[in-house]
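Student: With chain A's structure known, arrange chain B on it following the hints.
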Amino acid sequence: AGVGPQGSATEHGAPPAPERVLFPPTFSVSEIKNKQRRHFMFLRWKQQQRKEKLAAKKKRRKEREALGDKAPPKPIPKTIENQRIYDETTVDPNDEEVAFDEATDEFAPYFNRQTVPKILITTSDRPRGRTVRFCEQLSTVIPNSHVYYRRGLALKKIIPQCIARDFTDLIVINEDRKIPNGLVLSHLPEGPTAHFRMSSVRLRKEIKRTGKEPTEHIPEVILNNFTTRLGHSVGRMLASLFPHDPQFIGRQVATFHNQRDYIFFRFHRYIFKSEKKVGIQELGPRFTLKLRSLQKGTFDSMFGEYEWIHKRREMDTSRRKFHL
Amino acid sequence: TLLSSSGRCYLYMKTIERAAFPRRLWERVLLSRNYEKALEEIDENLIYWPRFIRHKCKQRFTKITQYLIRIRKLTLKRQRKLVPLRRKIERREKRREEKALIAAQLDNAIEKELLERLKQDTYGDIYNFPIHAFDKALQQQDTESESESDAEKEDDEEEDTDRREFVEADDSDLSDFEDMDKLETSEEELEEEEEVEKKVSHSRSKGKTPLKGPARSKRPYVKIEYEEETEPATKTKAT
Numbered sequence: 001a002g003v004g005p006q007g008s009a010t011e012h013g014a015p016p017a018p019e020r021v022l023f024p025p026t027f028s029v030s031e032i033k034n035k036q037r038r039h040f041m042f043l044r045w046k047q048q049q050r051k052e053k054l055a056a057k058k059k060r061r062k063e064r065e066a067l068g069d070k071a072p073p074k075p076i077p078k079t080i081e082n083q084r085i086y087d088e089t090t091v092d093p094n095d096e097e098v099a100f101d102e103a104t105d106e107f108a109p110y111f112n113r114q115t116v117p118k119i120l121i122t123t124s125d126r127p128r129g130r131t132v133r134f135c136e137q138l139s140t141v142i143p144n145s146h147v148y149y150r151r152g153l154a155l156k157k158i159i160p161q162c163i164a165r166d167f168t169d170l171i172v173i174n175e176d177r178k179i180p181n182g183l184v185l186s187h188l189p190e191g192p193t194a195h196f197r198m199s200s201v202r203l204r205k206e207i208k209r210t211g212k213e214p215t216e217h218i219p220e221v222i223l224n225n226f227t228t229r230l231g232h233s234v235g236r237m238l239a240s241l242f243p244h245d246p247q248f249i250g251r252q253v254a255t256f257h258n259q260r261d262y263i264f265f266r267f268h269r270y271i272f273k274s275e276k277k278v279g280i281q282e283l284g285p286r287f288t289l290k291l292r293s294l295q296k297g298t299f300d301s302m303f304g305e306y307e308w309i310h311k312r313r314e315m316d317t318s319r320r321k322f323h324l
Numbered sequence: 001t002l003l004s005s006s007g008r009c010y011l012y013m014k015t016i017e018r019a020a021f022p023r024r025l026w027e028r029v030l031l032s033r034n035y036e037k038a039l040e041e042i043d044e045n046l047i048y049w050p051r052f053i054r055h056k057c058k059q060r061f062t063k064i065t066q067y068l069i070r071i072r073k074l075t076l077k078r079q080r081k082l083v084p085l086r087r088k089i090e091r092r093e094k095r096r097e098e099k100a101l102i103a104a105q106l107d108n109a110i111e112k113e114l115l116e117r118l119k120q121d122t123y124g125d126i127y128n129f130p131i132h133a134f135d136k137a138l139q140q141q142d143t144e145s146e147s148e149s150d151a152e153k154e155d156d157e158e159e160d161t162d163r164r165e166f167v168e169a170d171d172s173d174l175s176d177f178e179d180m181d182k183l184e185t186s187e188e189e190l191e192e193e194e195e196v197e198k199k200v201s202h203s204r205s206k207g208k209t210p211l212k213g214p215a216r217s218k219r220p221y222v223k224i225e226y227e228e229e230t231e232p233a234t235k236t237k238a239t
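These protein sequence lines map, in sequence, to chains A and B. The opening residue of the first sequence carries number 1 in the UniProt record's numbering; numbering runs sequentially from there. The opening residue of the second sequence carries number 1 in the UniProt record's numbering; numbering runs sequentially from there.
Isolated chain B (complex conformation):
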């Protein structure tokens, strides 16, 4: 037979005369590195052996040399290091991750952070919610200035809607938040386009509830017009 150890091939031969001495049973011959020379060496060593055995030995030798070549080629490339998983540790990590996720309350944290940033004015002038300032004003000056602040509110709301599309929908009938989101984004796009074309003084109320007080009287017909225009579009987008 043929065996290979540490990259070299050896031919092992067994003869019946030595069957009594198991230690000396196998005789070992080192084969040369050259493929053809090694084949010749096998031939001359196994010279009186049956043809079948010789053939088989040579086949085995071929196989061994081929896989040795392959090993040498692979070790030159990057090897993939297999690191065994530890089941207990995996389970523990998974469990801890789930608990951490629950403890994290990601949505709340993100919302809080965004509101913080809004308060600290990192967004600058994009979002103007004058109501905020007026809430503070209301708290400071008690009941007397309510009418004044109302008037101011309306004024500012007019400006607000003149410039931008964000008007607080106080009691919005939309219960489903996603639809509202899609409505918002699609409305924004529409409104942005339209606002570019048409000029300022057209106001638009996004919420289903009309604006407060005397402001209503100025704009109902305009409002109806635009609502009809935009609503079918938004409806198709929302559905």
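Next comes chain A alone, as it looks inside the complex:
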């Protein structure tokens, strides 16, 4: 070991003098005190590792070719979605309990086509330009929606008025420093309220290569990747914003895609070029949502009963655990 530091400078991994019992003297690269030499040795070590890895890969490929058809299948790369911690509340498509629940929850009348959604979009106080434009674009995307500005009216007072005028959903877009950053979606007749954090909002003119304006046709809805019970309820809530019978002539589709707890919203127009090919063209605003809390009743910050809140300390600890 006393030979180590000097020996490393001169020879790389030289075997010890035969009288030593230690075999071999593995000096670790981090023991060298001199920074320059340490750095140099580390680079050399890294190069060697790379070479070894390349050689191993080549060997494996040769083996695979040699075996031909009998070669073992390629190992699947690990992704976060593969490694996701299994959530007990994942919904099985054939689960009866879930089916029963969904038949009797607040969205049942919508899904049975008894009610037609009517949406009220509003903002927080004093909306700035971007938020206003975003509200307008959102109202073109969602059919049967109206935008009203709020000049200092309390939400708790708005809600009974909305119920009286037969609105089914209320969307409040919260704004901070001139950009919209939060969304409160509340299903009005005593429905759940979801509070999302909105990020990366792109208005229509900021989307590159966008098509024309969306028409008045009712778009289709695609909900991807909502697996758990919580995800299911959020998905149903989002789907209930759109009227249930899409007009396929319009060829428009609104997509809510959930990936790692972020819900991406896109609005496209599609064309079937052939049997196996479809072309899509993005029109309409895009934004991403992250669920912050889900309340059972309508919006009530003080007395509401929370069904789910995002608790940072507990829920953000694992990188592979997702809730939606």
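These aren't lab readings, by the way, just hints derived from the structure by calculation. Fair warning: there could be bad hints in the mix.
Unchecked claim - Straight line, CA to CA, 27 Å or less: simulated DSS-like cross-link-like pairs of lysine-lysine:
#1 A/K58 with A/K78
#2 A/K74 with B/K99
#3 B/K81 with A/K156
#4 B/K119 with A/K311
#5 A/K178 with B/K94
#6 B/K99 with A/K205
#7 A/K157 with B/K112
#8 A/K78 with A/K51
#9 A/K290 with B/K81
#10 A/K321 with B/K99
#11 A/K276 with B/K81
#12 A/K46 with A/K33
#13 A/K290 with A/K205
#14 B/K73 with A/K156
#15 A/K290 with B/K99
#16 B/K73 with B/K63
#17 A/K296 with B/K81
#18 B/K112 with A/K74
#19 B/K73 with A/K273
#20 A/K205 with B/K94
#21 B/K77 with A/K156
#22 A/K290 with B/K112
#23 A/K157 with B/K88
#24 B/K73 with A/K157
#25 B/K112 with A/K208
#26 A/K273 with B/K112
#27 A/K276 with B/K119
#28 B/K77 with A/K296
#29 A/K178 with B/K81
#30 B/K112 with A/K277
#31 B/K88 with A/K290
#32 A/K311 with A/K290
Tutor: Relative to the frame of chain A, chain B by itself:
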């Protein structure tokens, strides 16, 4: 001077005789809630003080009462709750969102979903691609029935173009997808209008490549006519 604490105003007075006792230096008088009465109280308490100081005290008193009123009014309205951002968390969330976006591969997912829906016939009769059925047929029956299926293909294509505008442009020369899209939509609109007026048997091929085989012989002149009509319009729309 004047100070206000918990919504009430106090007049504080300092006299030089008490300069030796800092604890008892300031003498405090509570002022009444009534604005005018309080002004009178200030006057009688500061009676031998110079005029300037009295004036200044009254000015300060006015200012204080005004902002107290304002506070009371504001607390009745909704307050904006300021929640501090946590920089590390913001950065982490942003990073995760970007990675999730990359992992999501939205366009592919949407396209896949739409094709699924097409396969499961949710669109009903709007899009008919008989080629699909014939691909399957071709795979099942091997080489013998190729001629039959070709004939059927042509028949169906005739029907198809009679009814609708969607014909697969097999080798479309258009490399740019957007233009094709715009062409498609504008063509559709035109075709829909025109088809309503003119009746069925006129066929139209949208692709630049002509239709296959014997079908071609029936329709070349008709084709040329309509292509000339529609092309300038579509060209202007595409550009």
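Student: With a cut-off of 27 Å on the C-alpha distance, tell me whether A/K205 and B/K94 pass.
Tutor: OK: A/K205 and B/K94 at ~23 Å, within 27 Å.
Student: Given the hinted pair A/K178 and B/K81, is their alpha-carbon gap at most 27 Å?
Tutor: 17 Å, holds
Student: Holds or violated: are the alpha carbons of B/K73 and A/K273 at most 27 Å from each other?
Tutor: Status violated; Cα separation ~63 Å.
Student: Given the hinted pair A/K273 and B/K112, is their Cα-Cα distance within 27 Å?
Tutor: Holds - the C-alpha atoms of B/K112 and A/K273 are around 14 Å apart, at most 27 Å.
Student: Keeping to a limit of 27 Å between CA atoms, is the pair of A/K276 and B/K81 held or broken?
Tutor: 52 Å, violated
Student: Need the status of pair B/K112, A/K208: alpha-carbon distance at most 27 Å?
Tutor: 22 Å, holds
Student: Would you mind confirming whether the straight-line C-alpha gap from B/K73 to B/K63 stays at or under 27 Å?
Tutor: 16 Å, holds
Student: Checking one constraint from the list: CA of B/K81 to CA of A/K156, max 27 Å. Satisfied?
Tutor: OK: B/K81 and A/K156 at ~16 Å, within 27 Å.
Student: Does A/K156 sit within 27 Å of B/K73, going by the straight-line distance between their CA atoms?
Tutor: 19 Å, holds
Student: Take a quick look at whether A/K290 and A/K205 sit within 27 Å of each other, Cα to Cα.
Tutor: Holds: A/K290 and A/K205 sit about 24 Å apart, inside 27 Å.
Student: Holds or violated: are the alpha carbons of B/K77 and A/K296 at most 27 Å from each other?
Tutor: Measuring from Cα to Cα gives roughly 26 Å; hence the hint holds.
Student: Measure nothing beyond the straight line between the CA atoms of A/K296 and B/K81; if it is 27 Å or shorter, mark the hint as holding.
Tutor: 22 Å, holds
Of the numbered hints stated above, those contradicted by the structure are hints 4, 7, 11, 19 and 23, listed in ascending order.
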